[in-house]
Amino acid sequence: MKILVPVKRVVDYNVKVRVKTDGTGVETAGVKMSMNPFDEIAVEEAVRLKEKGIATEIVAVSLGVAQCAETIRTALAMGADRGILVETDAELQPLAVAKLLAAIAKTEQPGLIILGKQAIDDDMSATGQMLAALLGWPQGTFASKVAIEGETITVTREVDGGLETVALALPAVVTTDLRLNEPRYASLPNIMKARKKPIVTMSPAELGVDPAPRLTVVSVAEPPKRKAGAKVASVAELVAKLRNEAKVI
Amino acid sequence: MDFTLTEEQRAIRETARDFAEREFRPQAARWDEERIFPVDALRQAAALGFAGIYVREDVGGSGLGRFDAALIFEELAAGCVSTAAYLSIHNMAAWMIDRFGNEAQRRRFLPKLASMAHFASYCLTEPGAGSDAASLKSRAVRHGDQYVIDGAKAFISGGGASDIYVCMLRTGGEGPKGISCILVEKGTPGLSFGKPEKKLGWNSQPTSMVLFENCRVPVTNRLGEEGDGFKIAMMGLDGGRINIAACSLGGGRASLEASQRYLGERTQFGKKLAEFQALQFRLADMATELEAARLMVWRAAAGLDAGDPEATLHCAMAKRFATDAGFAVCNEALQLHGGYGYLKDFPVERHLRDVRVHQILEGTNEIMRVIIARRLLAQTDRRS
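Here the protein sequences line up with chains A and B, keeping their order.
Quick note: the first sequence uses my numbering, first residue 1, plus one each step.
Quick note: the second sequence uses my numbering, first residue 1001, plus one each step.
Just to be clear, a hint being listed does not mean it is correct.
Subject to a maximum C-alpha distance of 27 Å in a straight line, what follows is the list of computed DSS-like cross-link-like pairs (lysine-lysine) [what the hints assert, rightly or not]:
(1) B:K1272 - A:K20
(2) A:K225 - A:K2
(3) B:K1344 - B:K1199
(4) B:K1271 - A:K16
(5) B:K1272 - A:K227
(6) A:K193 - B:K1137
(7) A:K52 - A:K196
(8) B:K1137 - B:K1199
(9) A:K2 - A:K50
(10) B:K1271 - A:K225
(11) B:K1271 - A:K231
Calculated from the structure, these hints are not laboratory results.
Using the sequences and the hints given, assemble the complete structure.
This is the structure in structure tokens:
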């Protein structure tokens, strides 16, 4: 079975994000970028399925600027076999990404597409769901456990009330939650081997997709600064404030 | 001249940084306090290829170069100076076997060193032979197909814990040409260890004397020819100096980063410390010193990779400068932390204790100056 793993290049999770002064977005110039952590979990799961002998080939896909090739290289160093880069400088929103991935899925014919439940930059949590809808495939989102047996994938989902288990017929789309696994470090020999693995570059036009944004970002602003708290003299005063001012009890 | 790292070099550095932040840093204070040699964390590092960084791939090494190693050791040391420094010595010893060993020796020793199933130590210094290493007295006398070893080695990192001891021993007459390099395995009758030394820093690795008394090893344990030992030892140290210098960069950088955080948090006289220009300037100088040191380390490492005939000189210069700069930056960071810097609740005093010894070992910084001056005076032009 072939597995397709879409990986997104995002601002590194350690970076203190700053909003651009004109309010059009987040500053990315000179900022460290890395693979979306949820996508790392997806790569790890794909590699584990290959190590178990269930998957035969792992294809990592990234969409965006030329530097997304580095994100693909990270996936290759973790154990993916080859990469596809859909190169464009255009802003890509979830619907465009889902359409591009659907076009790739039609030619690649993977048995499973596994990707992060959301990207830590815009937190849309939409691509996986849209992709499943466009392909007409079943979806198992927010996976904390997956198991494949024959033509069925069993996905344990983290939902508000607890854990929900769904069984899906393959091919399917699975999005990964934080607790699915702990991604491995790429070893030095694997980093060097990744250099020799192929990455094919294509354009949105070649895939027959118009990636133009359908949503308009009105403004991006920093969250309000936290205000200093107040000190209370007694428990009675605290309870009174919680009841009368905060109205939480 | 291009100072931009390649994509692979950046990936290697990232891996080392992530690994050190998650697997070394959170434990480093406990390893120091309780003098724990972190065998599991070291083997985890080995699984990623950090134990045979510039050992060839056919015996489990990573097949990279000295420049890559310098990037890696700075990152690992930023997590734990002491553990990274031990790993650097292990790498040096493994490289000596890879470079000077025959095929049988490479296949016998290196796969286990690359995975850290076995740990390695480098044994040159003796109680009476430190900076004057070529005066060493421990003797290996040949009897048929065996060497009989008698003597003592001092300040051995990994002493007692390591499985393979790469020893410089006298097989011939006085001076450097009478020295051979011989591997002694733990468990060999006649090999024993002194008590673990109590040290200022480097507490996550044991240090002890290594003692030989009628210790017999097969002649096939010798690396290279008889009389090659001192040359092998010095070539090992060229790379070892780069690694130790890189460990000082890591300790210095971790202290600088701790200071950046602290200056942003601490308020005195109604202002954040970061708002005092006198302190800003000190931070700027710390970063500048470290960057200068880093460039020297990178240049020397690139020289070793390229086989530059002046590599020994550049390694000595880089080791002297970077280990002095690393200590100075840690010391400055401690001062910026005030009383808190002196407490073990903050990591800076540990970095300071750990990097201090880098000015002493792998050749003292005084010996570095000897190497540099000797080269300068040898090349003085008659016309000048």
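Status of each hint after checking the structure:
Annotation: proposed proximity of B:K1272 to A:K20 holds, straight-line Cα distance about 25 Å (limit 27 Å). Using a Cα cut-off of 27 Å, the hinted pair A:K225 and A:K2 is violated, with the two alpha carbons roughly 47 Å apart. A hinted pair counts as satisfied when its Cα atoms are at most 27 Å apart, and B:K1344 with B:K1199 qualifies at roughly 16 Å. For the hint pairing B:K1271 with A:K16, the CA-to-CA distance comes to about 22 Å; that is within 27 Å, so the pair holds.
In summary, the hint linking B:K1272 to A:K227 is supported, as the alpha carbons are separated by about 18 Å, within the 27 Å threshold. A distance of roughly 46 Å separates the Cα atoms of A:K193 and B:K1137; the hinted pair therefore is violated under the 27 Å criterion. Distance hint between A:K52 and A:K196 is fulfilled; the C-alpha atoms sit about 24 Å from each other, no more than 27 Å. Distance check on the hinted pair: B:K1137 and B:K1199 sit about 25 Å apart at the alpha-carbon level, within 27 Å; holds.
A threshold of 27 Å between alpha carbons decides the hint, and for A:K2 with A:K50 the separation of about 9 Å falls inside it, so the pair holds. With a C-alpha separation of about 19 Å, the suggested pair B:K1271 and A:K225 falls inside the 27 Å cut-off, and the hint holds. For the proposed pair B:K1271 and A:K231, the alpha carbon gap of about 22 Å is at most 27 Å, so the pair holds.
Hints 2, 6 from the list above are not met by this structure, while the remaining hints are.
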